[in-house]
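Peer 1: Sequence:
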Amino acid sequence: MIQDGVGEGILKIVLHRLESRLKADDLDPILNRLAYIKRMIAELAGAIKPSFGPSDPPAAEPQGTLPKLVMVKSPQDQKREDMRAEFMLLLPDEKRRYASMAFEELKANGMATPTVCRKFSAGEWDGGIIFTNAVRSFVKNTYGPDSW
Numbered sequence: 000m001i002q003d004g005v006g007e008g009i010l011k012i013v014l015h016r017l018e019s020r021l022k023a024d025d026l027d028p029i030l031n032r033l034a035y036i037k038r039m040i041a042e043l044a045g046a047i048k049p050s051f052g053p054s055d056p057p058a059a060e061p062q063g064t065l066p067k068l069v070m071v072k073s074p075q076d077q078k079r080e081d082m083r084a085e086f087m088l089l090l091p092d093e094k095r096r097y098a099s100m101a102f103e104e105l106k107a108n109g110m111a112t113p114t115v116c117r118k119f120s121a122g123e124w125d126g127g128i129i130f131t132n133a134v135r136s137f138v139k140n141t142y143g144p145d146s147w
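Once you know that position 12 of the sequence shown is 11 in numbering that gives the first Met the number 0, the rest is easy, because the numbers rise by one and skip nothing.
Don't take every hint at face value.
Here are the simulated lysine-lysine pairs, DSS-like style, with alpha carbons at most 27 Å apart [as the list claims (entries may be wrong)]:
#1 Lys94 to Lys106
#2 Lys11 to Lys78
#3 Lys72 to Lys139
#4 Lys94 to Lys139
#5 Lys11 to Lys37
#6 Lys94 to Lys78
#7 Lys139 to Lys118
#8 Lys37 to Lys78
#9 Lys139 to Lys106
#10 Lys37 to Lys22
#11 Lys94 to Lys118
#12 Lys67 to Lys78
#13 Lys11 to Lys22
#14 Lys118 to Lys106
Derived from the structure by calculation, the hints contain no laboratory data.
With these hints in hand, go ahead and build the complete structure from the sequences.
Peer 2: This is the structure in structure tokens:
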């Protein structure tokens, strides 16, 4: 189903609903689980109208402009974003050094999965857990251990 373009998030929701439905003893058993899964995917994708819930269309929102919502970051989130930006300004060799430190820390903690090892050896650490830990290593070495 993932090959058919169904996202992992939708598939997780559908499988969770299927699990809940199968555990419900007071409901009739599902005879065709694949058909149930396909129906739920279609409902989540908006292809068909759900068979449950109110049949009336939602009330129209009042005309006019709504105020724009502004996302306010916490001081800690802003500090981390600034430190990530500072990390990105480093030279590639310096970034690689911090990525190596992060990878060694991941190995020491038992978090270096085969995928992480492959990505590190291929130099694809510009995102994900290696990148996050490389930024953390940079911050700890530059500003001290309590600064992250």
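Peer 1: If a hint holds in the structure, say so; if it doesn't, say that too.
Peer 2: Results for each hint:
1. At most 27 Å may separate the alpha-carbon atoms for a hinted pair to count; Lys94 and Lys106 meet this at roughly 18 Å.
2. Under the criterion of a C-alpha separation no larger than 27 Å, the hint pairing Lys11 with Lys78 is inconsistent with the structure, at around 33 Å.
3. A distance of roughly 22 Å separates the Cα atoms of Lys72 and Lys139; the hinted pair therefore holds under the 27 Å criterion.
4. Between the alpha carbons of Lys94 and Lys139 the distance comes to roughly 14 Å, so the proposed pair stays at or under 27 Å and holds.
5. For a cut-off of 27 Å, the pair hint linking Lys11 to Lys37 stands: about 13 Å separates their Cα positions.
6. Between the alpha carbons of Lys94 and Lys78 the distance comes to roughly 19 Å, so the proposed pair stays at or under 27 Å and holds.
7. Distance check on the hinted pair: Lys139 and Lys118 sit about 23 Å apart at the alpha-carbon level, within 27 Å; holds.
8. Distance hint between Lys37 and Lys78 is unfulfilled; the C-alpha atoms sit about 44 Å from each other, more than 27 Å.
9. Of the pairs offered as hints, the one joining Lys139 and Lys106 holds, with about 18 Å between alpha carbons and a cut-off of 27 Å not exceeded.
10. For the hint pairing Lys37 with Lys22, the CA-to-CA distance comes to about 19 Å; that is within 27 Å, so the pair holds.
11. Only pairs whose Cα atoms come within 27 Å are accepted, and Lys94 paired with Lys118 is accepted, the gap being roughly 15 Å.
12. Note on Lys67 and Lys78: the hinted pairing holds, with a Cα-Cα distance of about 24 Å set against a maximum of 27 Å.
13. With a C-alpha separation of about 17 Å, the suggested pairing of Lys11 with Lys22 holds against the 27 Å cut-off.
14. For the proposed pair Lys118 and Lys106, the alpha carbon gap of about 13 Å is at most 27 Å, so the pair holds.
Taken one by one, the earlier hints fail for this structure at numbers 2 and 8, listed in ascending order.
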